[in-house]
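Asks: In case you want the letters, here they are:
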Amino acid sequence: MKKLINDSADVVREELEGIAAAHADLVDVHFDPYYIARADAPVKGKVALVSGGGSGHEPMHGGFVGMGMLDAACPGEVFTSPTPDQMEAASKAVDAGAGLVHIVKNYTGDVMNFEMAAELCRSEGTEVESVLVDDDVAVQDSLYTAGRRGVGTTVLIEKIAGAAAEEGRPLKEVADICREVNANGRSMGMALTSCTVPAAGKPTFDIADDEMEIGIGIHGEPGRERMPLKTAHDIVEMMASAVVDDLPFSKGDKVLAFMNGMGGTPLIELYVAYHELSKFLKGRGIEIARNLIGSYITSLEMAGCSITLLKLNDEFVRLWDAPVKTAGLRWGV
Amino acid sequence: MKKLINDSADVVREELEGIAAAHADLVDVHFDPYYIARADAPVKGKVALVSGGGSGHEPMHGGFVGMGMLDAACPGEVFTSPTPDQMEAASKAVDAGAGLVHIVKNYTGDVMNFEMAAELCRSEGTEVESVLVDDDVAVQDSLYTAGRRGVGTTVLIEKIAGAAAEEGRPLKEVADICREVNANGRSMGMALTSCTVPAAGKPTFDIADDEMEIGIGIHGEPGRERMPLKTAHDIVEMMASAVVDDLPFSKGDKVLAFMNGMGGTPLIELYVAYHELSKFLKGRGIEIARNLIGSYITSLEMAGCSITLLKLNDEFVRLWDAPVKTAGLRWGV
Amino acid sequence: MSVSYEEVVSWIKTFTGTIADNKAWLTDLDSAIGDADHGINLDRGMQAALAKAETVAPGDVGAVFKTVGMTLVSTVGGAGGPLYGTLFLQLGVATAGKSEIAAEDWRAALAGAVQGVQARGKAEVGDKTMIDALAPARDALAQALDAGVSFEDALRRSAEAAEEGMRSTIPLVARKGRASYLGERSAGHQDPGATSSYLLLKTVADVWGDG
Amino acid sequence: MSVSYEEVVSWIKTFTGTIADNKAWLTDLDSAIGDADHGINLDRGMQAALAKAETVAPGDVGAVFKTVGMTLVSTVGGAGGPLYGTLFLQLGVATAGKSEIAAEDWRAALAGAVQGVQARGKAEVGDKTMIDALAPARDALAQALDAGVSFEDALRRSAEAAEEGMRSTIPLVARKGRASYLGERSAGHQDPGATSSYLLLKTVADVWGDG
Ligand SMILES: Nc1ncnc2c1ncn2[C@@H]1O[C@H](COP(=O)(O)OP(=O)(O)O)[C@@H](O)[C@H]1O
Ligand SMILES: Nc1ncnc2c1ncn2[C@@H]1O[C@H](COP(=O)(O)OP(=O)(O)O)[C@@H](O)[C@H]1O
Ligand SMILES: [Mg+2]
Ligand SMILES: [Mg+2]
Ligand SMILES: [Mg+2]
Ligand SMILES: [Mg+2]
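Protein chains in written order, with our numbering: chain Z, 1 to 333; chain S, 1 to 333; chain U, 1 to 211; chain W, 1 to 211.
Please keep in mind that the hints were generated in silico from the structure rather than gathered at the bench.
Owing to the predicted nature of the structure, the values given are computational and were not obtained by experimental measurement.
All C-beta atoms, glycine included, are put in the ideal place defined by N, C-alpha and C.
There may be inaccurate statements among the hints.
Below, computed lysine-lysine pairings styled on DSS-like, alpha-carbon distance capped at 27 Å [claimed, not checked]:
#1 S:K254 <-> Z:K325
#2 Z:K282 <-> Z:K325
#3 Z:K2 <-> S:K325
#4 U:K23 <-> S:K230
#5 S:K325 <-> Z:K311
#6 Z:K2 <-> U:K52
#7 Z:K325 <-> S:K311
#8 Z:K230 <-> W:K52
#9 Z:K279 <-> Z:K325
#10 Z:K202 <-> U:K23
#11 Z:K202 <-> S:K202
#12 Z:K254 <-> S:K325
#13 S:K202 <-> Z:K2
#14 W:K98 <-> W:K52
#15 S:K254 <-> Z:K2
#16 S:K311 <-> Z:K2
#17 W:K23 <-> S:K202
#18 Z:K202 <-> S:K325
#19 S:K2 <-> Z:K230
#20 Z:K202 <-> S:K230
#21 Z:K92 <-> U:K52
#22 S:K202 <-> Z:K230
#23 W:K13 <-> S:K2
#24 Z:K279 <-> S:K325
#25 S:K92 <-> W:K23
#26 Z:K325 <-> S:K202
#27 S:K2 <-> Z:K279
#28 Z:K254 <-> Z:K279
#29 S:K279 <-> Z:K325
Partial chain S-side listing against chain W, Cβ under 7 Å, derived [said to hold, decoys possible]:
#30 F79
#31 S81
#32 D85
#33 G109
#34 V139
#35 A199
#36 G201
#37 L229
#38 H233
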């Protein structure tokens, strides 16, 4: 295992200390239990957005705490959803009386821990709306399974709903916007390499130099299928087709195209892949009205990418363009 | 070689097509010869900043073209400095009559090609100031050698001088600010892994799982020394000491601390390393007044980091904080 | 025979040690069909739980289980945290105020614990989860006791049923948890949670069996 | 004997082919002490240069060299581009307007080319650069011609001197170019540019030698 770390048991704490040292102007970092809160929270009269999940997905979620996005984020151990006491403490810290939205990626662990946290919050009279993100088209949904994973669309929900909350919209509306974005967003990911959970010390899976994993999530897990390594053109076509056909996105739609790196893939490759995506969508008559290119929701140092498409409407565009000031996303201010 | 690409011969062109598709609002991408120019260039009355270098360092330089930073960037092949005709064409395209600054990283190839370009521009009556960046403390300087490499400080020069040019400062002043930033900036880098030049198809160097390279540049080349892999604490202490002692930075100094990823190192590790850096500098009585954390000047997918420290004065701080709107750096607008 | 307060604490000790010894194995199983953290998480949680449990005032068995459950919930995270946390919290509810555990107490406690885990996780037998080890263990214990088998032997049969249940997960295609994302690819691998649940019931039989 | 226009073009062809054949080797040498692109860059440049050279109106040898030089400058980049570009441009200056090259023409042209490369790169013999192959080749040619050796044999000696010069770079610690960043670590490796320069002079001797 080759990482810029000290003891693997201290990675999350030391990362949080780094964030605290770097971004004191934006966030307060709490260590017992772990959570990152907006420096100016609670923000009077504003619905508070709280998210969280395992660490190893940086900048998500801690890097999205700040004006126009999240009020708090709860980091768990690497790839391990945080515990209810973290969400409860974070929720209390940022609750401004206008209610809370818990943005929960649909993983059994995240769901159950946030559920317990919401029960605790409600038992103390705080209004909590929980919204589930489940945008991963690689997973076939069904009543009898855990359903689809929450991946790339999470970033877009946090930005768009964050802007809505910043405008002073009420709890129900902010929660509905989250659900509407989730309903209009679809994603798929692939991996060229595995990643190594620091505490595990070795790659989660072995993969040959001429193979790739298609339909991965964001926890270093193998995907739906292993296949021979293909060109960027073929890879993007395969993933984008699955994404487009699932919603489906159709001719004339305006979309936000999010080309995400998994952590170990450099920008030069993401732009090559984005070129393929833009050609593919043009071919389908779908217009890219907004885009986001970079590593925003990652799996440690895994090499690979994910494609997220969000069907846009005028309100989504307006909220996407609204000012945001976080360590991970910033514009308009 | 595992990369999200098509034919390795087309990587740079396809990357540029991706940038053109993604950032038409910010830049115009030209293909014969290759250069990326500010969409609104030439900017009336403004000194034009032109930089360039091999590709594989993304977002540098193309990602830094836009309001408040560069007017144009010339991408060469991967790790190969661009050719004089590119710099000449870019210079002509953005020249607004107030003169040009060529920001040149001190590599033999970059220097000679920019030299030829400057000769061509001057022969046509354009005023050109060439500024050399040579901030890498890993290389011992001497009259008889090629001198020090230009690395991390390049990003800071492009931001700070870009803001000065945006203010309408005259050619000589903008060039002097570049030189002053270079004179007050020092860097050092390290690698955990090699990287693979697409056209070469295999890693530039082999390195064992328990080894690292210290004193690397940004072209995937081996460093000054190979040593056993150490903890983030020891690595940062070793690099930061070299950087601090070289200028030297001393007690009471205010600095901009730039913790840069080499392309394959995820943010979680950079924050762990930044935590170590902040502790180290506190110990030396040096205050971090500004910081930048992320992968901004890279070596393809190399895993590793570099530390750049810039001694700040009030003007540098003001110019650093000034609005910037590029694909790679954005704030204040 | 019934299980004393000391034996309960010594089981928590043994289970903690067993999870520590099998941390790598559980994590490897989770690498194949999950995210390579089950052993790491459960080990972190049980270390913390044991430390807390040792500070509980002697006497109340239920209080020990509750403390373990609360600690797991607040230190493990992931799916394992709420599920094992609920399991121990329910053991605590069923044994609240008791100074020792008789066979019938354990039958009721285990039944409540399994019910709690199913209420949280909505998994059925055959979904390739810890339920595949827990439910058969609960049933085998009940059958044995109904058949008048001694508590010691009933615990042994319960552990054997858990082991079978653990093995039974190998061919299954997961319908719950992270492994379900793999679809068909999840078949052919033993479920990590079912494995840790087997270790739980095995250590119960080992420690209380020679009580 | 003197070298005809056709022989000049056929040398450019052969040199281009030789660089293509040795592309991987030159790049490997550059991996050890540089950035793994020397062979790739020179190959890209010579392919383009050859294509351009074949479009030049027959007759003027200098025009061929100038075209190759200009094309290298605008297609190679890195250190290799300006340096080899300058080398060919200077060959062109010295042979401008000539329809063939006599021994003395080549002596002057090679001298001018080496001088041009040194003016650009400021390297001296011993800095571990292409100059370590070029300068000895220039001197050996001059000595041979002074000693009345035939043009063919003088070209051969010039190539042999280049080969020795190339070998002489192995123990050197680089003072110029990318390899200088490695300090002591650059010793023990043959310089890629000196190697490509040797190939240049070797192909000259091979093609013109049997002229
Ligand atoms: N809905 C569920 N009901 C019961 N057990 C479950 C459920 N989902 C997952 N599990 C169990 O949890 C185990 C994984 O635990 P762990 O790795 O700690 O959590 P995570 O999957 O969040 O990383 C699985 O092997 C499975 O036995
Ligand atoms: N200042 C110089 N003078 C002469 N030759 C040089 C100089 N600097 C570098 N070289 C030659 O250039 C070669 C490297 O060329 P190349 O790899 O194409 O350029 P780069 O180093 O920019 O990648 C070196 O092997 C060396 O022979
Ligand atoms: Mg997990
Ligand atoms: Mg190069
Ligand atoms: Mg797991
Ligand atoms: Mg080179």
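Asks: Check whether the Cα positions of K325 of chain S and K311 of chain Z lie no farther apart than 27 Å.
Replies: The hint holds at about 26 Å.
Asks: So if I understand the rule, the pair passes when the alpha-carbon distance is 27 Å or less; does K279 of chain Z with K325 of chain S pass?
Replies: Roughly 26 Å separates the two Cα atoms, so the pair holds.
Asks: Within 27 Å, alpha carbon to alpha carbon, are K202 of chain Z and K23 of chain U?
Replies: Since the Cα atoms of K202 of chain Z and K23 of chain U sit roughly 14 Å apart, the hinted pair holds (cutoff 27 Å).
Asks: For the pair supplied as a hint, K325 of chain Z and K202 of chain S, is the alpha-carbon distance within the 27 Å limit?
Replies: Violated, at roughly 41 Å.
Asks: Please work out if K202 of chain Z and K230 of chain S have their alpha carbons no farther apart than 27 Å.
Replies: holds, 17 Å
Asks: Please work out if K254 of chain Z and K325 of chain S have their alpha carbons no farther apart than 27 Å.
Replies: OK: K254 of chain Z and K325 of chain S at ~24 Å, within 27 Å.
Asks: Mind checking the CB of F79 of chain S against every CB in chain W and telling me if the closest is under 7 Å?
Replies: holds, 5 Å
Asks: Holds or violated: K2 of chain Z with K52 of chain U, Cα cutoff 27 Å?
Replies: violated, 35 Å
Asks: Can we keep the G201 of chain S interface hint, with Cβ of chain W closer than 7 Å?
Replies: Constraint on G201 of chain S not satisfied, violated at 9 Å.
Asks: Verify the proposed pairing of K202 of chain Z with K325 of chain S, using a straight-line Cα cut of 27 Å.
Replies: The given pair, whose Cα atoms are some 40 Å apart, is violated under the 27 Å limit.
Asks: Assess, step by step, whether the Cα of K254 of chain Z is no farther than 27 Å from the Cα of K279 of chain Z, and give holds or violated.
Replies: Given that 27 Å is the threshold and the Cα spacing comes to 15 Å, the pair holds.
Asks: Assess, step by step, whether the Cα of K2 of chain S is no farther than 27 Å from the Cα of K279 of chain Z, and give holds or violated.
Replies: holds, 23 Å
Of the hints listed earlier, those the structure fails to meet are numbers 2, 3, 6, 8, 9, 15, 16, 18, 23, 25, 26, 36, 37, 38, in rising order.
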